[in-house]
Each structure stands twice: as C-alpha cells, then as structure tokens.
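Participant: These are the residues of each chain, in order.
Protein chains: 2
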Amino acid sequence: MILSEQMLLLARQAKAAARQLARLSTADKNAALLAMAEALEKERGGILEANALDLADGTSHGLASAMLDRLRLDDRRLSLMANGLREVASLPDPVGRVLDERVRPNGLKLQKVTSPIGVIVIIFESRPNVTADAAGLCFKSGNATILRGGKEALRSNEAVARVMTNALKRRFPHLPEHAIQVVLTPDRDAIKELLALTGYVTCASRGGGEGLIRAVAECSRVPVIKHYKGVCHVYVDGSADLKMAEEIVINAKCQRPGVCNAMETLLVDKAIAPVFLPAIARKLTALKVELRVDDTARELLRNHFPHLKSALEEDWYAEYLDLILAVRVVDDIEAAIDHISRYGSAHSDCIVTRDGPRARKFLAEVDSAAVYWNASTRFTDGGEFGMGAEIGISTDKIGARGPMGLEELTTYKWLGFGNGQIRT
Amino acid sequence: MILSEQMLLLARQAKAAARQLARLSTADKNAALLAMAEALEKERGGILEANALDLADGTSHGLASAMLDRLRLDDRRLSLMANGLREVASLPDPVGRVLDERVRPNGLKLQKVTSPIGVIVIIFESRPNVTADAAGLCFKSGNATILRGGKEALRSNEAVARVMTNALKRRFPHLPEHAIQVVLTPDRDAIKELLALTGYVTCASRGGGEGLIRAVAECSRVPVIKHYKGVCHVYVDGSADLKMAEEIVINAKCQRPGVCNAMETLLVDKAIAPVFLPAIARKLTALKVELRVDDTARELLRNHFPHLKSALEEDWYAEYLDLILAVRVVDDIEAAIDHISRYGSAHSDCIVTRDGPRARKFLAEVDSAAVYWNASTRFTDGGEFGMGAEIGISTDKIGARGPMGLEELTTYKWLGFGNGQIRT
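Listed in order, the protein sequences are those of chains D and S.
Each residue of the first sequence is one higher than the one before, starting from 16 at the first, in my numbering.
Each residue of the second sequence is one higher than the one before, starting from 16 at the first, in my numbering.
Hints may be right or wrong, so weigh each one.
No copy is singled out in the list; a pair is fine if it fits within one copy or between any two copies.
Taking lysine to any residue pairs in the SDA-like style, the calculated list, with each CA pair at most 20 Å apart, reads [said to hold, decoys possible]:
no. : residue 1 : residue 2
1   : 127       : 115
2   : 184       : 173
3   : 124       : 87
4   : 127       : 422
5   : 324       : 339
6   : 376       : 191
7   : 30        : 191
8   : 30        : 358
9   : 298       : 58
10  : 376       : 274
11  : 324       : 72
12  : 127       : 112
13  : 324       : 85
14  : 166       : 78
15  : 298       : 259
16  : 30        : 401
17  : 303       : 357
18  : 127       : 113
19  : 127       : 427
20  : 127       : 109
21  : 166       : 370
22  : 124       : 397
23  : 241       : 211
24  : 166       : 422
25  : 124       : 378
26  : 376       : 189
27  : 298       : 354
28  : 30        : 19
Simulated from the structure, these hints should not be mistaken for laboratory data.
Sequences and hints are given; from them, build the entire structure.
Facilitator: Following this line, the structure appears as structure tokens:
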C-alpha cells in the first residue's frame with residue numbers, strides 16, 4: 016500500500032471510530048480506561064521486548080544517552096503510565112457539559128454543549144509514555160487518536176497502543192477498534208500526507224523540537240495546536256519584596272531548567288538593580304548558572320563579576336533549557352512589558368511586586384498563556400493547575416491556550432429544542 | 016513600497032494598536048463606538064461619493080445586478096450600519112470575564128479570564144456594510160482589525176473605515192489610530208502576504224465564496240476560522256408531527272433560500288414517505304421549488320409528478336442557495352445520520368420527530384455547529400441566538416463554532432495570584 020493510501024485508511028478508520036466514541040457513556044469510557052491500565056501492567060513483557068529492540072537500534076545508531084533515557088521503558092514507567100490512565104478515568108467527563116443555555120422569546124431553547132473534536136492527530140518525539148497519556152486523554156474526551164511518535168520509538172509506541180486497543184476489544188467487543196491508532200511508517204512524509212487529509216483530521220498537537228513544530232504547522236491544512244518554545248520572564252519590580260524575588264528567580268531558573276516553563280530571561284527594574292542584582296548574581300553563580308547580561312547589569316556587577324558574558328540580541332530570544340540566564344535592567348514596568356512583548360514566546364511570565372496597580376497592569380498587558388503575580392513560572396502545568404493530566408502546553412491562542420487537559424480536547428455545538436418554531 | 020512591505024507595515028501597526036486596545040476600559044470602548052456610529056450618519060456624503068465611484072466602475076465592468084445591489088450604500092444602509100455599532104456598544108464587554116477560578120492547595124489562586132485575540136484579519140466579499148460590523152465587533156472585543164473586502168468595494172470600504180477611525184481620533188486622541196485598517200491594494204497576493212506574517216496576524220475569518228475560502232486556508236500559516244458552505248438537512252422521522260414537518264421544511268427551504276442556513280437536502284423516513292412526500296412535494300412545487308429526487312422518492316411521486324429530475328451524487332453535496340431541493344428517502348434515523356455525516360457541511364441540521372430517544376440520538380451524533388429538534392435550520396444566526404451581532408457562522412470546530420459574536424472573538428489566559436509560591 017502506498018503512503019497516501021495508508022494515511023487515508025488511518026484517517027477513514029479514525030473518523031468512523033470517532034462517531035462511535037461520541038456516543039459512549041461515561042461509565043463505559045472509564046471501564047475501558049481501567050481495562051487498558053490493567054493490561055499495560057499485566058502485558059508488560061511484550062512492551063518491554065519491543066522497547067529493548069528500539070533501545071538496541073538507538074544504541075547502534077549512536078543516540079545520545081539523554082535520548083536513550085527518554086526512550087527507555089521499565090516496570091516503574093509502565094506503572095506510571097497505567098496510573099495515568101486510572102487518573103484520567105477518575106476525572107469528570109468533559110463531553111456534554113452545558114456551557115450556556117438560553118430560551119429565546121419564540122420559545123426555542125438553545126444549549127451550548129461540549130462535544131468531542133473528532134479525530135486528533137498527535138505528533139510527538141521519542142518518549143513512548145506519551146502514547147498512553149495522549150491516547151487516554153483523547154479517549155476520555157471522545158476523540159479518535161492517530162499518534163505519530165519519533166521513529167526511534169516506533170516499536171515501543173506500537174506495542175503500547177496494541178496492548179491498549181486489545182484490552183479495549185476484550186472488555187467491550189462493541190467498542191471501535193480504531194479509536195487509538197499509531198502511524199507505523201518512519202517516513203517523515205507520512206505527517207504531511209496525514210495532515211493533508213483535511214476532511215478527516217481535525218487537530219494536530221505535539222510537544223517537542225521547534226523545527227518539527229514549524230514544519231507541521233506549515234504543511235498542515237487543519238488547525239494545529241502548537242506546543243512551542245517557552246521563553247519565560249521574571250520581572251522584578253522596583254517595589255518587590257526582594258527576598259521573595261530571590262526565591263522565585265532561583266526556583267524559576269534552577270528547579271528544573273530543561274522544561275518549557277523555566278525562566279530564560281530576568282528583567283530587573285533599574286530602581287532596585289544596584290541592590291538586587293549583586294545579591295541574586297552571587298546566589299545564581301553559586302548554583303552554577305551562567306549569566307549573560309546587558310551593559311547596565313554588567314556595569315553594576317563589574318566589581319564582583321568582572322568576566323560576565325554580554326547578552327547578544329539572540330540571547331533575548333533564546334530558550335536555553337539549561338543553567339544559563341539572560342539578564343537585563345529595564346527602566347520601568349512599561350519597558351519590561353515591551354521586552355516581553357517583543358522577545359517572549361507567550362508562554363509564562365511573572366512580575367514580582369508589592370504594588371497592586373502595577374501588578375494588574377502586568378497581568379492585563381502581558382499577552383501570555385499564563386501570567387503570574389508573585390509566583391514562579393514553573394507552575395504552568397496541567398497537574399499544578401489541578402487539571403489532573405495534560406497533553407502539553409499550548410502557546411497558541413485559538414482552540415486551547417496553556418495547559419491542555421481534557422476540557423481543552425473538546426469543542427462545542429449548539430442544540431436547539433423547539434416545538435415547531437419557524438423563522439418569520 | 017512593495018507589497019510585502021505594505022503588508023508588514025499594516026501588521027506591525029495593528030500589533031501595536033492591539034496592545035493599546037487591550038487596556039481600554041469598557042466605557043471608553045463604548046464611547047468610541049457611539050462616536051463612530053454618529054460619524055457614519057453625519058459624514059455620509061463622503062462615503063456615498065466613494066460608493067458611487069465603486070458602483071460606476073462595477074457597472075462599466077459588467078457586474079451582475081445582484082452584486083451591484085450588495086455593493087450599493089444608501090442612507091438607510093448607513094443608518095443600519097450606525098445602529099449596528101450602537102448595538103455593539105450596548106452589549107456586555109466580552110473581555111475580562113472570569114471563566115474559571117481555583118485556589119490550589121499551596122494558596123496559588125488561578126483565574127481563567129477572557130482576553131482579546133490580538134490582530135484579526137477579516138477577508139470578505141463585496142458588501143461594504145461588513146466593514147463597519149466587523150470593525151465594531153473586533154473593536155469592542157479589544158482586537159485590532161485588518162479588513163480585506165472585495166476589490167469592487169475598495170473605495171467604499173476605505174471611506175467607511177476612514178470615517179470610523181477619524182471619529183475615534185477626535186473623540187479619544189490617545190486611542191490607537193491603527194485599530195481599524197483596510198488593505199488598500201486590489202492585488203490578490205496581498206492576502207497571501209498578509210497571512211504569511213505569522214508573528215503578527217492571529218486569526219482570519221470571512222464570509223463568501225467557497226473557492227476563496229479554500230485559497231485563504233491553504234496559504235495561511237495562522238489559524239483561519241472559516242465560514243464555509245451550508246449544506247443543511249431536515250430529517251423527517253417516522254414519528255414526526257407531519258403538519259409541523261411541513262411547516263419546518265417549507266420555512267427552511269423557502270423563507271430565504273439564498274443564505275447558508277437554508278435547507279438544501281430533505282431526508283424522509285421510508286415509514287412515512289408514502290404519506291408525507293406527495294403532500295410536501297405539492298406544496299413545494301406550488302412555491303416554485305425544483306425537486307431533485309432519489310429513486311425511491313421518484314417511485315412514490317411518479318403518479319403526480321412524472322417529470323422530476325433525478326438527484327445525482329453531486330446533488331447531495333450541493334449548496335444551491337436557490338429554490339432547488341435534493342430529496343432522499345432513508346431507511347431509518349441511522350441512515351439519515353450516515354447521509355448527513357457523509358455529505359453535510361457541519362453547519363445546521365434538523366430532526367422533526369415526536370420520539371424523544373431518537374431526537375436525543377440525532378442531537379448527540381450529528382456533528383454540526385447547530386443541531387435542531389423540531390425547529391427550522393434558519394435559526395442559526397447571531398441575532399436569533401441572542402448574541403446581538405455576528406461576524407459570520409463558523410463551520411470550523413477549533414476556535415469558534417456556529418454564530419460568531421463578541422465572545423467568539425476572544426481567547427483566554429490564565430492569571431496566577433501568589434504570595435511567593437515556588438515549585439518544589
């Protein structure tokens with residue numbers, strides 16, 4: 016079968032499954048998720064075998080050890096995946112919620128209710144645990160999923176999806192077997208083919224490297240919810256509690272530097288920079304953070320840190336994902352917002368201040384998925400937000416923004432209940 | 016200035032205006048809208064002059080009289096445009112609504128609040144009144160607009176936008192003058208250039224012909240909310256109140272056949288087809304509706320209507336926008352839903368029945384923007400839904416679905432209120 020036929024078949028099967036999924040009861044969906052969780056634990060042998068083959072190939076192809084670690088499954092990770100599915104089963108059903116209800120003067124009752132999107136294509140990189148998480152969230156929200164993970168994890172992803180769909184079939188023979196599908200070809204053109212099927216594929220989403228996200232967005236004719244980079248800022252205002260500011264800055268940079276909600280640029284109000292900068296620079300340097308500073312900061316830090324790197328224009332755009340921090344002294348809150356608006360990625364930004372009006376200005380004018388007043392940017396996360404589980408962090412504005420949990424995997428439709436109303 | 020530079024300038028100016036619009040108070044936005052409405056009435060001279068030039072050009076280029084009529088402005092239409100703006104001013108501000116609020120165990124308060132999208136590009140065809148409607152809705156929702164109407168209406172659109180922005184400047188000299196902009200080149204490549212500016216343009220939306228919508232969607236790298244065709248169905252179930260069914264069918268087809276929420280295909284349950292079809296065919300034929308029927312319907316109608324056209328495969332996909340109706344007899348509700356799922360455009364569909372479970376099945380499984388039980392498809396409309404005003408009917412699922420009023424022109428962001436929370 017040629018590539019485009021394979022993709023058309025996947026899309027058709029997914030569309031048929033989506034119609035069946037839309038009419039499943041909450042109880043059936045939850046029972047199916049629990050059966051899938053149990054199968055992931057009981058049938059771990061086959062999954063670990065497939066994973067061992069992926070790992071052996073990865074090793075012989077010279078994959079970096081960090082990549083191999085992300086790829087590796089073991090008993091603990093499989094249990095985490097199973098528990099993730101159990102957690103999804105325990106969450107409220109996002110489908111059928113009444114968002115709005117109105118009765119018109121002619122007696123027509125209108126209800127705006129949440130409904131599944133239909134078919135969701137998830138494109139992600141090499142972590143095979145995403146297969147179970149994403150498939151579980153899509154299943155609970157009544158969507159058929161087509162998963163396209165990294166080619167390094169092809170056998171692992173296929174094994175995880177097979178165990179889940181077999182469990183589904185055993186528990187509920189009437190349930191659609193194509194609810195969860197995996198793209199089995201490593202061919203990169205498969206993504207393009209899949210996303211060209213406008214009529215079938217409704218939404219694509221992923222977490223991973225910047226280049227692939229751009230490529231997906233550019234070849235797609237369907238809406239793409241992008242999980243793009245996080246160039247997150249902390250702005251320490253002139254009237255900040257400096258002790259609090261230190262704790263937030265250190266947390267946002269150092270607690271887990273390799274994730275998208277970690278701070279990449281520190282903005283410091285010039286009013287407190289002479290006091291705050293030397294103190295925070297000492298602490299960050301002690302924590303092995305490399306600073307890249309603008310001229311004003313360099314001047315203020317010259318005595319204690321004579322060899323600091325200068326920040327270049329490209330540093331303001333950088334998502335280091337590492338113990339590196341760009342530092343800039345700004346004239347005021349206006350300049351801080353200007354900087355974030357120009358260089359930020361609209362992910363997560365924070366102001367530390369005791370001044371209410373300035374905080375409210377920052378919250379209103381910084382146009383990011385999450386804007387914090389006196390709290391670390393690291394909180395932008397489905398679990399921390401109380402969503403229970405997430406499929407990623409959307410940096411888009413249309414469709415879903417910020418952490419994407421179950422609710423963000425639904426759309427809505429209008430239901431009209433009449434007794435013969437016609438328009439005059 | 017070359018085309019791409021012009022478009023970049025428009026986009027930059029719009030982005031700067033968007034930041035200013037985001038911080039306007041509701042009172043200021045409403046006062047500005049009222050000033051714009053007044054100016055449209057007081058400065059009608061300039062607008063009508065520009066419109067006369069467009070009309071003269073259209074006449075000499077042989078525009079069809081229906082097109083000329085859509086293009087024509089007069090005192091009445093200008094008053095309607097002005098009153099449209101006054102109505103938008105009277106509606107609640109869609110920005111700053113708290114959609115969700117939660118306090119996490121660590122004391123971090125999270126609020127999900129509506130916020131403007133940013134820059135909205137509206138691409139539409141030759142009706143210049145859309146300029147005022149769309150710009151007013153975008154302004155009230157805190158978005159900067161870039162309007163690209165049909166080239167036949169270029170001068171009219173420019174005049175309307177100029178009167179509105181001048182009124183804005185006079186009333187509020189501090190308000191952003193680039194809040195409302197019109198693409199002044201008739202060059203079709205301008206759309207492509209504009210939509211390629213991913214970093215600046217956030218959402219594009221339009222009403223109009225199918226070909227242009229597809230072209231826009233294909234060249235756009237930004238989310239496009241499409242107002243696509245309406246292939247709307249009425250399914251008359253075996254247990255329908257046949258009198259009610261007749262009224263709904265006639266209303267959905269004949270009350271205004273040229274609009275997207277008019278019925279294009281009638282599906283009749285075979286259980287009542289022998290009774291219902293001859294009766295409704297007589298009434299529709301008397302109202303000058305041309306029927307295109309499947310074999311079963313032809314057989315049932317043979318005695319009274321020996322010369323009916325046969326429906327071809329393409330008729331099931333057709334948006335006639337005219338007094339033409341495709342008619343099909345279906346085995347049951349399942350077959351009706353199958354037909355709608357295969358041929359429909361996910362706009363508006365209706366079931367006429369007295370059977371509650373069947374109605375609920377139809378409402379749950381027909382995946383359209385609006386699904387009606389015992390009411391005409393013609394109700395899918397911002398005004399009829401009580402939204403007060405609309406920018407069009409979205410047939411997409413991501414972003415907005417169905418009538419797009421003020422709320423549908425916003426996105427949301429998460430605000431986090433802390434007192435020093437850090438992640439552990």
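Participant: Going through the numbered hints above, which ones does this structure break? Give me the numbers in ascending order.
Facilitator: Hint check: 3, 9, 10, 11, 13, 16, 17, 21, 24, 27 fail, others pass.
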